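Peer 1: Those sequence lines, one after another, are chains A, B and C.
Position one of the first sequence corresponds to residue 1 (the working numbering), numbered consecutively onward.
Position one of the second sequence corresponds to residue 383 (the working numbering), numbered consecutively onward.
Position one of the third sequence corresponds to residue 690 (the working numbering), numbered consecutively onward.
I should point out that these hints are in silico values taken from the structure, not numbers from a laboratory.
No more than 35 angstroms apart at the CA atoms, straight line, and that leaves these computed lysine-lysine pairs for DSBU-like:
| no. | chain 1 | residue 1 | chain 2 | residue 2 |
| --- | --- | --- | --- | --- |
| 1 | C | K712 | A | K147 |
| 2 | C | K749 | A | K147 |
| 3 | A | K236 | B | K488 |
| 4 | B | K678 | C | K749 |
| 5 | C | K873 | A | K236 |
| 6 | C | K819 | A | K147 |
| 7 | B | K678 | C | K747 |
| 8 | C | K749 | B | K488 |
| 9 | B | K678 | C | K760 |
| 10 | B | K488 | C | K712 |
| 11 | A | K147 | C | K915 |
| 12 | B | K488 | A | K147 |
| 13 | C | K712 | B | K678 |
| 14 | A | K236 | C | K764 |
| 15 | C | K764 | A | K147 |
| 16 | C | K907 | C | K747 |
| 17 | C | K747 | B | K586 |
| 18 | A | K147 | C | K760 |
| 19 | A | K147 | B | K678 |
| 20 | C | K811 | A | K236 |
| 21 | A | K315 | A | K200 |
| 22 | A | K315 | B | K488 |
| 23 | A | K236 | C | K819 |
| 24 | C | K930 | C | K747 |
| 25 | A | K147 | C | K747 |
| 26 | B | K587 | B | K561 |
| 27 | B | K587 | A | K236 |
Which bits of chain C does chain A cover? Going by a derived footprint, with three or more residues having C-beta under 8 angstroms, they are:
| no. | stretch |
| --- | --- |
| 28 | 770 to 778 |
| 29 | 785 to 794 |
| 30 | 802 to 808 |
Just so it is clear, the structure is predicted and the values come from calculations on it, not from any experiment.
The beta carbon of each residue, even a glycine, is placed where N, CA and C say it ideally should be.
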Amino acid sequence: MSFAYDKLMGGKNGLTGFIILAILILIVFPLLLDSFRLNLVGKYLTYAFAAVSLVLLWGYGGTLSLGQGIFFGLGGYAMAMFLKLEASSPENTAIQSTPGIPDFMDWNQLTELPWFWEPFSSFTFTLVAILVIPALFAYIIGSAMFKRRVGGVYFAIITQVIAVILTVLIVGQQGFTGGINGITDLRTLNGWDITSDSAKNIFYYVNCFLLLGVIIASRYILTSKFGRLLLAMRDKEDRVRFSGYDVANFKIFIFCFAATISAIGGAMFTLQVGFMSPSFVGIVPSIEMVIFAAVGGRMSLIGAVYGTLLINFGKTAFSESFPELWLFLMGGLFIAVVMFFPNGLAGLWQDYGHYITDRFKSVKNLFVKPASATKATTVENS
Amino acid sequence: MGGYTYNELGAIFAMQGFAGISLFSVLLLMALGLAIIFGQMGVINMAHGEFMAVGAYTTYFLSTLTETYFPGFMPYYFLFAIVLAFFVAGALGYFAEYALIRHLYKRPLDTLLATWGLSLIMQQTFRSVFGAREVSPGLPDWLLGSYQPTEMIDIPLNGMFVLALTGLVTFGVFYLMFKSSWGLHVRATTQNRLMSGAVGINTKKVDRYTFALGCGIAGIAGAAFTTIASTGPTTGTLYIVDTFMVVVFGGAASLLGTIASAFSIAQAQSILEFFISGSMAKVFTLLTLVIILMFKPEGLFASKVRR
Amino acid sequence: MLTNNTDYTLAIEDLTVSFDGFKAVDNLNFYLDKNELHVVIGPNGAGKTTVLDLICGKTKSTSGSIKFLNKELTKLSEHAIVREGVGRKFQTPSIYENLTVLENLEVSYPRGRGVFGSLLFKRDQAVMEKIYDIAQQIMLDEEMHTEAGVLSHGQKQWLEIGMLLIQDPQLLMLDEPVAGMSVKEREQTAELLNKICQGRSVLVIEHDMEFVERIAHKVTVLHQGKILAAGDMETVQKDPKVVEVYLGH
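From just these sequences and the hints, can you work out the full model?
Peer 2: So, in structure tokens, the structure goes:
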């Protein structure tokens, strides 16, 4: 019991933070929001997977990836390919010159399904692919770079370039990928209508549980010896190496894990939003994922979720009313968060949160017998 | 490459090669600025593309001004635009270093994010001031047209001009870095910041002027850029990734490496574009670079230094 | 290259490394016995730290061989060399400032060194006993839960030594272990070193002659990448070559 408590929740404060988040996304949002808005929040929460992955990789691992969109995209496209194949049954596509293949292939004069699309007609394969392909891809990139001791800005730039390559490739190969529009018009999952409100509600909850699960798994990693080694490496890489550890393997693992998490987010995105396009793969979405994590607090798994929600609420609100201001605000946020709040919301909470909890406690103490007024230590120590 | 005769292939290579020269020039100018800053301070300037756009917009602004008020001056304004682009972008760079970069030394990843934020702000400023549509300055007549040595080959004059300009700037940078006392200070600071400070070099000042110089060169790249394409708010972003690749591939610290790397990337891109689509040419070029860099992360021309 | 086996813990033969033509270590031959505490001295730039770098794999040699318990080290990667039983302390104390003393030692504990091993690693009885045992030896058993960053300079040096001891290395290499220590701390360190060289070999680089005299079984003087003199402290001190390049001024 105490094992689960410490390892998976991060002790008392970690548990409190986790429960508050769970209540917020599982109970409060569904009660307050109509199904359109709830679906929107669900979409934001899929980005939170990528933000959480960056907390592990960048906050703890010290390795900044500007290419998490790659993995988000791989997961999203894998799911979209499955759904598209289902939507492109010969009956549905009877009017095409080649029935039975996705519509965009038909428009681009393809007459048969490309070989790499074939396996995605299996749901099992698709699920495995979502988890394995991004990790495999990350493994290749990671071993090439980390084994040669490449890191820092160099790694950031290379991952960014790979994101660019993937985007240009997707846009350029319309016939195979759906091009700039992406893979759209997704309708059913194993015969179940995914565009209905009830389906979207169910996906919302599935998404929430997956996200909470990912946070627990990440906490387990961070509280294990592995987590302490990550911090140790960020601080004194050589000392870790000369203590008998193959540093590269640890970085590769966390990069692969981060890739898989992001891919789960991508797949859930496709399910909830009903399409996938290259605009969620390239430079801009990838670096936005970094700012989600930075605003939430690069060292806080739960903070990353709040950061994601906050920025996306802001983005939606601003682009509805003052689209011009949004980029200024976003740019300012990047600058402010690195210059003034390097630990993001979680850092602010750590520094000033006790004012709030103290007041709450003092109110409570009026009614309860004056117990020892212990100072609230509301550190979110994920 | 079936279907083309040797003669035709030769002409294609020559023409695409000359077309690639404009790209080479812009990439080289951009990369010089980025490499100077990176070499000196270890800072990756994500807003470098926007400093190029500042140069381009400055040129556009001056051309509009000239066209409206001094039409007779049109044939000459472009030369002034180049100088002005350098100083405007340089001054902005000076200010950015003062307000932003100097607080973030030793935190290279944070600098990367902060300069990305700066680039967003600059992009939106371009959009608010000059509009979302792409603009091009009116070019003087002597920059238009082309030279035709044979019937099949057509060499655009603007490309030649930009190449000459790039040569001049490159030589200037070389002279400044390796022959002037200021360059000595820069190189000394790069090698050993603490020691340089101890022997009386004002390293902060060196940093600020280096950053300004890098941005100023990006401004010149922007002026050169207006001769080959039109400028929009997001123009800079399109070139920043290629520029990174030039710098990294060339080995960051080597001037010769940067030139060779800019040349090979621009030419590969330009020649491939004739045979496959532009986007696939880009994929192919970048992918080749990434794969090479995975095996040789220090770039092609890095010297071996004792760690 | 010699291939015959020896009784030595460490046998360095014909070792050379050059950086762009400059030979930092030049045709070095050096042997280290079991239970021996050997100190390498020499002026700045003599190649002392480079020799340690070569042994632990941080720098790759140009030619020559380094045999540790008759196993060739020159081709192994850094972490593999550590796992063979070679521990190395860096010149400036290299510890994890953000972790506590306990965590510093735990991270160095030689179990769970793989990715999955570290994920499943448990802080059990054996681990804790070993950690407390080491902490006592390095005089930090009162500071178990102190963040390492706030320790005194001398304590940081000890902690790093402890982080090596917990791995039970057969060869312990210490680069200037008493630099920046108070007189009392130096005495305690000397005691510590005399204790820990039982059952293993210790190779120390040091400048402080008084300290060297206290601990060294054998001394080697390195100059411009070559051995100038070797033997016990007294012999070395009297050697005219040594007096000229090193002790003389």
